[in-house]
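J.: Here is how the chains run, residue by residue.
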Amino acid sequence: GEDVEQSLFLSVREGDSSVINCTYTDSSSTYLYWYKQEPGAGLQLLTYIFSNMDMKQDQRLTVLLNKKDKHLSLRIADTQTGDSAIYFCAVFSNQFYFGTGTSLTVIP
Amino acid sequence: DTGVSQDPRHKITKRGQNVTFRCDPISEHNRLYWYRQTLGQGPEFLTYFQNEAQLEKSRLLSDRFSAERPKGSFSTLEIQRTEQGDSAMYLCASSTRDRGGTQYFGPGTRLLVL
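If you're matching them up, the sequences are chains A and B in order.
So the first sequence is residues 1 to 108, counted in this note's numbering.
So the second sequence is residues 1001 to 1114, counted in this note's numbering.
Errors might be hidden in some of the hints.
Which chain A residues face chain B? A few, computed with CB under 8 Å, are given here [stated by the list, open to error]: (1) F9; (2) S11; (3) G42; (4) L43; (5) L45; (6) Q95; (7) G99; (8) G101.
Covered, in the sense of this in silico footprint (three residues per stretch, anywhere, with C-beta under 8 Å from a C-beta of chain A), are these stretches of chain B [what the hints assert, rightly or not]: (9) 1042-1049; (10) 1077-1085.
Over the 12 Å line for every Cβ pair with chain A, so calculated as not near, a few chain B residues [stated by the list, open to error]: (11) R1015; (12) G1016; (13) V1019; (14) T1020; (15) E1028; (16) E1056; (17) F1074; (18) G1101; (19) L1114.
By construction, these hints were calculated from the structure, which means they are not laboratory data.
The model shown is predicted, which means the values in this text are computed figures rather than measured ones.
Ideal Cβ positions, reconstructed from N, Cα and C, are used throughout, including at glycine.
Pulled out of the complex, with its shape left as it was, chain A reads as follows (with noise of 0.2 Å):
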């Protein structure tokens, strides 16, 4: 299967970037996508990238897909309180398969 690797937390203040980065090991992986999820809550999706691309962004949100380095990561621009919350990265190659997830949290 699928390895998916993420940092397990990262703290900025409001109004700085985060980056939360990623890493997988199956070169096949055709889809990613970044998901937020708030405590007690399922999973939203924010964002997502075809393994044919370099770059997306949406509004405040940045995806970066180096697939060399089978790296991923989401820049959240202007940080606020309101996107604390545990950031996941999912790749599919035959199913989906998600890293432990990384806890944001921002200082006001």
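Using the hints provided, position chain B relative to the given structure of chain A.
T.: Quick look at chain B alone, frame taken from chain A:
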């Protein structure tokens, strides 16, 4: 359509009891997935359906677990003879027929086995 819904949202049961959870997907989505999420972990795939057919089951899905989607709409996940290790959040997601199609998740059912 308000998205994927799950019922109940919380369930507390005693070890050895059977529990059943329900998931109602987004109406035009023909793929439905079940995941289990434990504290501090990402969701782990359990099984998925395309319409009423159960196409794949994870090794995590022991014989105490069974899932159905009889009419290709809602799905149920039953756990028989629950164990404390079954305590987790059970998430349901649905997607369109496209392989790898974006999954939309429900709020989850949190199970606590005492």
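J.: Indicate, hint by hint, whether the structure satisfies it.
T.: Results of checking the hints against the structure:
no. : hint      : in the structure
1   : F9        : violated, 11 Å
2   : S11       : violated, 17 Å
3   : G42       : holds, 4 Å
4   : L43       : holds, 4 Å
5   : L45       : holds, 6 Å
6   : Q95       : holds, 6 Å
7   : G99       : holds, 5 Å
8   : G101      : holds, 5 Å
9   : 1042-1049 : holds (count 5)
10  : 1077-1085 : violated (count 0)
11  : R1015     : holds, 24 Å
12  : G1016     : holds, 27 Å
13  : V1019     : holds, 19 Å
14  : T1020     : holds, 19 Å
15  : E1028     : holds, 16 Å
16  : E1056     : violated, 7 Å
17  : F1074     : holds, 17 Å
18  : G1101     : violated, 8 Å
19  : L1114     : holds, 19 Å
In this structure, the hints that do not hold are numbers 1, 2, 10, 16 and 18, in rising order.
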